[in-house]
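Peer 1: Listed below, chain by chain, are the residues.
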Amino acid sequence: MVIDFSAFYDLPRQIDRFFDEFWKPNVISQRRASYPPVNITEDQTNIYVDAEIPGMDIDDLEIILTEGSLVIKGNRKADNGNYYRQERPVGVFQRIINLNVPIDADKVKAKMKNGLLEIVLPKTDEAKPKKISIEAE
Amino acid sequence: MTQEVTKKETSTLPRFAPNTDIIERENGFYIYMDLPGVSKDNLKIDLKENELQISGKAFYPKRENVNNIHLEFGDGEYVRNFTISDIVDRQNIKATLKKGVLELFLPKAEKARPRKIEIQAE
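Chains A and B, in that order, are what the protein sequence lines are.
Numbering of the first sequence is given in the working numbering, commencing with residue 303 and proceeding in unit increments.
Numbering of the second sequence is given in the working numbering, commencing with residue 4 and proceeding in unit increments.
Source of the hints: derived by calculation from the structure; they are not laboratory data.
Glycine included, C-beta positions come from ideal geometry on N, C-alpha and C.
It cannot be assumed that every hint is accurate.
[Unchecked claim] Short derived list, chain B residues pointing at chain A, Cβ under 10 Å:
| id | residue |
| --- | --- |
| 1 | ASN22 |
| 2 | ILE34 |
| 3 | ASP37 |
| 4 | GLY77 |
[Stated by the list, open to error] Here are the simulated lysine-lysine pairs, PhoX-like style, with alpha carbons at most 20 Å apart:
| id | chain 1 | residue 1 | chain 2 | residue 2 |
| --- | --- | --- | --- | --- |
| 5 | B | LYS101 | A | LYS415 |
| 6 | B | LYS51 | A | LYS415 |
| 7 | B | LYS65 | A | LYS411 |
| 8 | B | LYS43 | A | LYS413 |
| 9 | B | LYS119 | A | LYS415 |
| 10 | A | LYS379 | B | LYS65 |
| 11 | B | LYS102 | A | LYS411 |
| 12 | A | LYS375 | A | LYS413 |
| 13 | A | LYS375 | B | LYS102 |
| 14 | B | LYS60 | A | LYS415 |
| 15 | B | LYS65 | A | LYS413 |
| 16 | B | LYS101 | B | LYS60 |
| 17 | A | LYS413 | B | LYS102 |
| 18 | B | LYS114 | A | LYS413 |
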């Protein structure tokens, strides 16, 4: 038998965790609210979408870019055996990310490492900020 | 002094209990643990008597000069403890980290394996 007692007699850690709650970075707005969790950042040329999808190959994922949105779809399958504990999510998931900027669809790149999906969405030239020179008379 | 420093380092990382599956199959127990962002070098597996502690640190690639639009996860520390019983063959525990999932295989000791008993008819 393998027993996970961590919730019962790991009091010091529980206290630690209680105090950790106060120090949680407040930039993390809604962890675990939907699956998979994503981080979205942007700079002047690209939008970056990172997602935590452990245990999946990039080929098992369906990444669809439509006009105005990015869809990440997949299916996490359960293993066979006698389950003592099952906490890892199983089943079909889908996440839609709205993009309010035009994207150069041909140059989108996606890669997967250590269970982290990284998608780079380059903005089209029209969407990039331009410097307008003012001519003084 | 060093202890103080390490403590400071760990306390800045938010700590999470990773999602875990424990499955029993004929030859032993399998523990699957979601550890996205944890590389092999940042993973620690300790077995002390009956206590198995798994801890790992996840660091995500940092980008310079970006605006955060929406964040749902960040760097963190994963810690989880298990108690394993005597029927596990400690010498042959195997661990593999693949695609952000840690697979631990705890084989059952020879004496605890289910055995087929042959019936001899006369």
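Peer 1: All hints are to be evaluated individually against the structure, with a verdict given for each.
Peer 2: Results for each hint:
Because the beta carbon of ASN22/B sits about 4 Å from the nearest beta carbon in chain A, less than 10 Å, this interface hint is met. Satisfaction of the interface hint for ILE34/B is found here, the shortest Cβ-Cβ separation to chain A being roughly 7 Å, below the 10 Å cut-off. For ASP37/B, the shortest C-beta to C-beta distance to chain A is roughly 4 Å, which falls under 10 Å, so the interface hint holds. Evaluation of the GLY77/B hint against chain A yields a held restraint, the C-beta minimum of about 6 Å falling below 10 Å.
A hinted pair counts as satisfied when its Cα atoms are at most 20 Å apart, and LYS101/B with LYS415/A qualifies at roughly 9 Å. For the given pair, LYS51/B sits about 31 Å from LYS415/A by alpha-carbon distance, which is inconsistent with the 20 Å threshold. A distance of roughly 17 Å separates the Cα atoms of LYS65/B and LYS411/A; the hinted pair therefore holds under the 20 Å criterion. The suggested pairing of LYS43/B with LYS413/A holds, with an alpha-carbon distance near 19 Å, which does not exceed 20 Å.
With a C-alpha separation of about 43 Å, the suggested pairing of LYS119/B with LYS415/A is violated against the 20 Å cut-off. A C-alpha spacing of about 31 Å is found between LYS379/A and LYS65/B, which places the hinted pair above 20 Å, so the restraint is violated. Of the pairs offered as hints, the one joining LYS102/B and LYS411/A holds, with about 19 Å between alpha carbons and a cut-off of 20 Å not exceeded. For the proposed pair LYS375/A and LYS413/A, the alpha carbon gap of about 15 Å is at most 20 Å, so the pair holds.
For the proposed pair LYS375/A and LYS102/B, the alpha carbon gap of about 17 Å is at most 20 Å, so the pair holds. A distance of roughly 15 Å separates the Cα atoms of LYS60/B and LYS415/A; the hinted pair therefore holds under the 20 Å criterion. For the hint linking LYS65/B to LYS413/A, the alpha-carbon distance of about 16 Å falls within 20 Å, and the restraint holds. Taking the CA atoms of LYS101/B and LYS60/B, the gap is near 15 Å; set against the 20 Å cutoff, the hint holds.
Pair hint LYS413/A plus LYS102/B holds up; C-alpha atoms about 12 Å apart against a cutoff of 20 Å. Distance restraint check for LYS114/B and LYS413/A: the Cα-Cα separation of roughly 46 Å exceeds the 20 Å cut-off, and the hinted pair is therefore not satisfied.
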